[in-house]
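So the chains spell out like this:
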Amino acid sequence: MTRGSLVDISKLRVIFHTYRGTIKALNGVELWLNEEERLGVVGETGCGKSVTALSIMRLIEQPGEIIDGKIWFNGKDLLQLSEDEMDKVRGRQISMIFQEPIAALNPVFKVGFQIAETIAHSQNISINDAYTQVREALEMVGLDWQRTIDLYAHELSGGMAQRVMIAMALAVRPKLLIADEPTSALDVTIQAQILELLDKLVSVGKNAVILITHDLGIASEFCDRVAVMYAGNVIEVAPSQEIFNEPLHPYTKGLIDSIPVVGRAKELTGIAGVVPDLVDPPSGCRFHPRCKHAFERCNLELPELVQIKANHYVACHLYH
Amino acid sequence: MKLGSFILRRLFLMLLVLFGVSVLVFVIAKVIPADPVGAILGGNAPIDLVEDMKRRLGLDRPLMNQFIDYMFGLVRGDLGTSLKSNRPVVQDIANFFPATLELAICATLFSVVLGIFLGILSAVYRNRFIDHFARVFSILGVSMPVFWTGLLLLLLFYFRLGWLPGTGRLGLFTTPPAKYTGLYLIDSLISLNLEAFKDALAHLVLPSLVLGYSAAASIARITRSSMLDVLRQDFIRTAKAKGIGKRLVIYRHALRNALIPVITIIGLTFGGLLEGAVLTETIFGWPGLGRYIVNSLLLLDYPAIMGGTLFVAVIYSLVNLVVDIIYAALDPRMRI
Amino acid sequence: MIGTFIVIGFILIAIFAPILAPYDPIKPNLPQRLKPPSSQHLFGTDQFGRDIFSRVIHGARIEVWIIFLVTVISGTIGTAIGITAGYFGGAVDEILMRITDIFLAFPRLILAMALSAMLGRGLTNAILAISLVEWTVVARLARAEAMKIKSQPYIEAVKAVGASNLRILLFHVLPMCLSPVLVQLTLRMGTIILTAAGLGFLGLGAQPPTPEWGAIVSDGRSYLVQQWWISTFPGLFIAVVVLGFNLLGDGIRDILDPRLRR
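Residue numbers (my numbering), protein chains in the order written: chain A, 1 to 320; chain B, 1 to 336; chain C, 1 to 262.
Rather than coming from a laboratory, the hints here were simulated on the basis of the structure.
Take the hints with a grain of salt, since some may be wrong.
Okay, the calculated bits of chain A under chain B, using three or more residues with CB under 8 Å as the criterion [unchecked claim]:
no.: 1; region: 284 to 291
no.: 2; region: 297 to 306
Just a sample of chain B residues kept apart from chain C, beta carbon distances all over 10 Å, derived [stated by the list, open to error]:
no.: 3; residue: 85
no.: 4; residue: 90
no.: 5; residue: 146
no.: 6; residue: 154
no.: 7; residue: 174
no.: 8; residue: 249
no.: 9; residue: 275
no.: 10; residue: 282
no.: 11; residue: 316
The calculated DSS-like cross-link candidates involving lysine-lysine, where the alpha carbons are at most 27 Å apart (straight line), are [said to hold, decoys possible]:
no.: 12; chain 1: A; residue 1: 206; chain 2: A; residue 2: 253
no.: 13; chain 1: B; residue 1: 246; chain 2: A; residue 2: 88
no.: 14; chain 1: A; residue 1: 76; chain 2: B; residue 2: 2
no.: 15; chain 1: A; residue 1: 110; chain 2: B; residue 2: 84
no.: 16; chain 1: B; residue 1: 2; chain 2: B; residue 2: 84
no.: 17; chain 1: B; residue 1: 2; chain 2: A; residue 2: 110
no.: 18; chain 1: B; residue 1: 246; chain 2: A; residue 2: 70
no.: 19; chain 1: A; residue 1: 175; chain 2: B; residue 2: 246
For each residue, glycine too, the CB sits at the ideal point set by N, CA and C.
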């Protein structure tokens, strides 16, 4: 069964060993994506969005561990590849941008070098030969290459640094771009610019995108589909408009009710309770202690992600 | 340009501090009351002899005048005359310092190479055998007193096994090479005196090992923790996401960042080497500056004390200045 | 774990030294001179026939005394200077930090040697000398802490209520600096022993017949080849105790830095 032609993740489990005990960070994540499609992954801090992204890149390291699942990418299960084979996927077929762009750049190398290095690796050419493409890449993200190429990370603003990261990520023409909260650390006005830029470049480059964000608004605006995660599970997936207009999962509903809307008088409501401790997560549906509609079965059984309508999946006992 | 003005500012600061250092040295030697005359003449010397001696040494004059003379002397490069050797202190230092320098350079080479190597292995193979070995090696190195390891190694390798020479820079029957730099290894090469070169090298082995061990230990510790720290950073994740492979991630992206704090530690370690040199030289009968200072202190030879400690402080400050400059050159963020 | 064990053992030895030590550590007993280790003299005897084991046991008291006094003196000076510099900032900070720099321009042991020798060789002056070198470490830390605390909103609040600078320093800044300073001092204890022993070894610290460990090692130097035990055992004690403090320090650092925990 493949649901996505480019990526299909099933039953992905990741744990982290800590001194407090084992954190069950991903508890059977299901996620899929077609070529050129954009998928938003939304959820609170600690719900496993970034861990999912890093799992795709196979960058989960000690004390973390991928213990189960499959990550099909372009016809291969990434979890079965050797490190060397994986290095041909990273930075060639999948690239990634991060939340803190300044910290994500190496402080002791010039920006130009870092982009050149990436291009050189993806095309098997020398770093020196890659520099012509560095110029194009910088121009592409709207930076003056002459002024930027010799700068260090600490000499950039957050917005510039994220542009550099985007240049670096897209210069290799990846099939898939994973953007992990690419705008969360930036000023609101810069956020909009960066998203606009991404939108444009990704349309031109025909890259598929997984956009990880805690902002449902950004996700639904930028993406074709949105997946909502809670405590290590994907609990609802639907086309962007639909998730806003007809949310099914109680958690998704709560999430939407807590978004303020300008010009519309609306009672803002939060979701009662706190995010569960993943060392000792609740039994059954991990959301049930906070759910108004919980009944006995929720305490006993983890609901599976099931298709309810065309393209609309939900993991909740209320619906099946 | 930015680096240039950084260096200038640091130079100025260093001069300021060195002025303070000269004042402190003066205070230690002249204001803190000890009795140099008594030490020279013995406790029971007749009073007029003591007075006469004081007059000859200029110790009867007001402190302020003594201080001004001392500072003017410093500016002229005159550190006074040793009470014991009756030679200018500057000349004494020039005689003794090359021995210390040669020892310190050998110990530094040994400790930097071994320390960084062990530190990297330890961090990259964290919690594996090599890591455990390196950690035991380094915690022992920073815990064992230099003078004790020195004595034990001397006992083992010289007295018991006879594999290595014991004390001094050369054997009794080796004639020192003609003096160019004062460093026997270099001088003997220049004068093509291979006999002396081999002998000098053999004499250097034990003291350098003893002196370098604790430095190697602290360099290994810092390299390890700095490397572990860097390996956790965001930009390492970026580098890994590029797919350039583990080797390049470690040696290109992590190492250069990790070495920045290590450079600082090498500077501090050099201070440790100078301290260690005092002890090592005492054990191995090494005719260096450390032993010169200890002997002057035991005899309260105050011009030699002032000159010696001042010289050490200047050397130490210069090394730290160089370290700061290397630091700034390596880490573009530091050139503020 | 091992570190704590060693340090506790060290302190217990120091406390119960008179009970543990079979012989007088100072009184010569010439007929028994230079005896190798045996059931009567566990660590052998020195050139005056004194029992090395008893001297080493009593030496623990001296080392504890050194650590205690150096910690108190350098802690007090360092904290006072550090929080003053950090809290007031500006010119006060500049001057105090340049003074600190002057002390830091010397390798520690060399400054301690010079101070100890000029103050007059002996245990008390050695302690004073080491303290005068050690305070810089504390001062820099206390300054950094005070600067951090100064910018906390509650200090603004206290100021707004009209508290005087002295009051703020003593009742708000000082207590907050105390625990990092104490931790730092604990981390330095191994180094303090090494410095003191180094001074003792060079003859610039505790003087004979005081059974300071470094000084005992020095006693044995001339007898090293035939009577190796005189130098070996006290040196071993220094190494083990310093190791204990270093392990303890590593443990404390791991607890304070949760990132290092697995």
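Beyond 10 Å from every chain C Cβ: check whether that's true for residue 174(B). 23 Å, holds
Is the Cβ of residue 316(B) more than 10 Å away from each Cβ in chain C? 6 Å, violated
Tell me whether the statement that chain B covers the region 284 to 291 of chain A is true, taking a Cβ distance below 8 Å and needing three residues at minimum. violated (count 0)
Tell me if the straight-line CA distance from residue 2(B) to residue 110(A) falls inside 27 Å. 16 Å, holds
Could you let me know if the closest chain C CB is still more than 10 Å away from the CB of residue 249(B)? Label holds. Min Cβ-Cβ 19 Å, cutoff 10 Å.
Residue 206(A) and residue 253(A) were given as a pair; does the straight-line alpha-carbon distance stay at or below 27 Å? Cα-Cα ~32 Å, so violated.
For the pair supplied as a hint, residue 246(B) and residue 88(A), confirm whether the alpha-carbon distance does not exceed 27 Å. Answer holds: residue 246(B) to residue 88(A) is near 13 Å, not above 27 Å.
Over 10 Å to the closest beta carbon of chain C is the bar; see if residue 85(B) clears it. 18 Å, holds
Holds or violated: residue 110(A) to residue 84(B), with C-alpha atoms at most 27 Å apart: Distance of about 58 Å is beyond 27 Å: violated.
Decide, holds or violated, for the assertion that all CB atoms of chain C are farther than 10 Å from the CB of residue 275(B). Violated: least Cβ distance 4 Å, not greater than 10 Å.
Beyond 10 Å from every chain C Cβ: check whether that's true for residue 154(B). Label violated. Min Cβ-Cβ 7 Å, cutoff 10 Å.
Regarding the pair residue 246(B) and residue 70(A), is the alpha-carbon distance no greater than 27 Å? 24 Å, holds
When the structure is compared with the earlier hints, violations turn up for hints 1, 2, 5, 6, 9, 10, 11, 12, 14, 15 and 16 and for no others.
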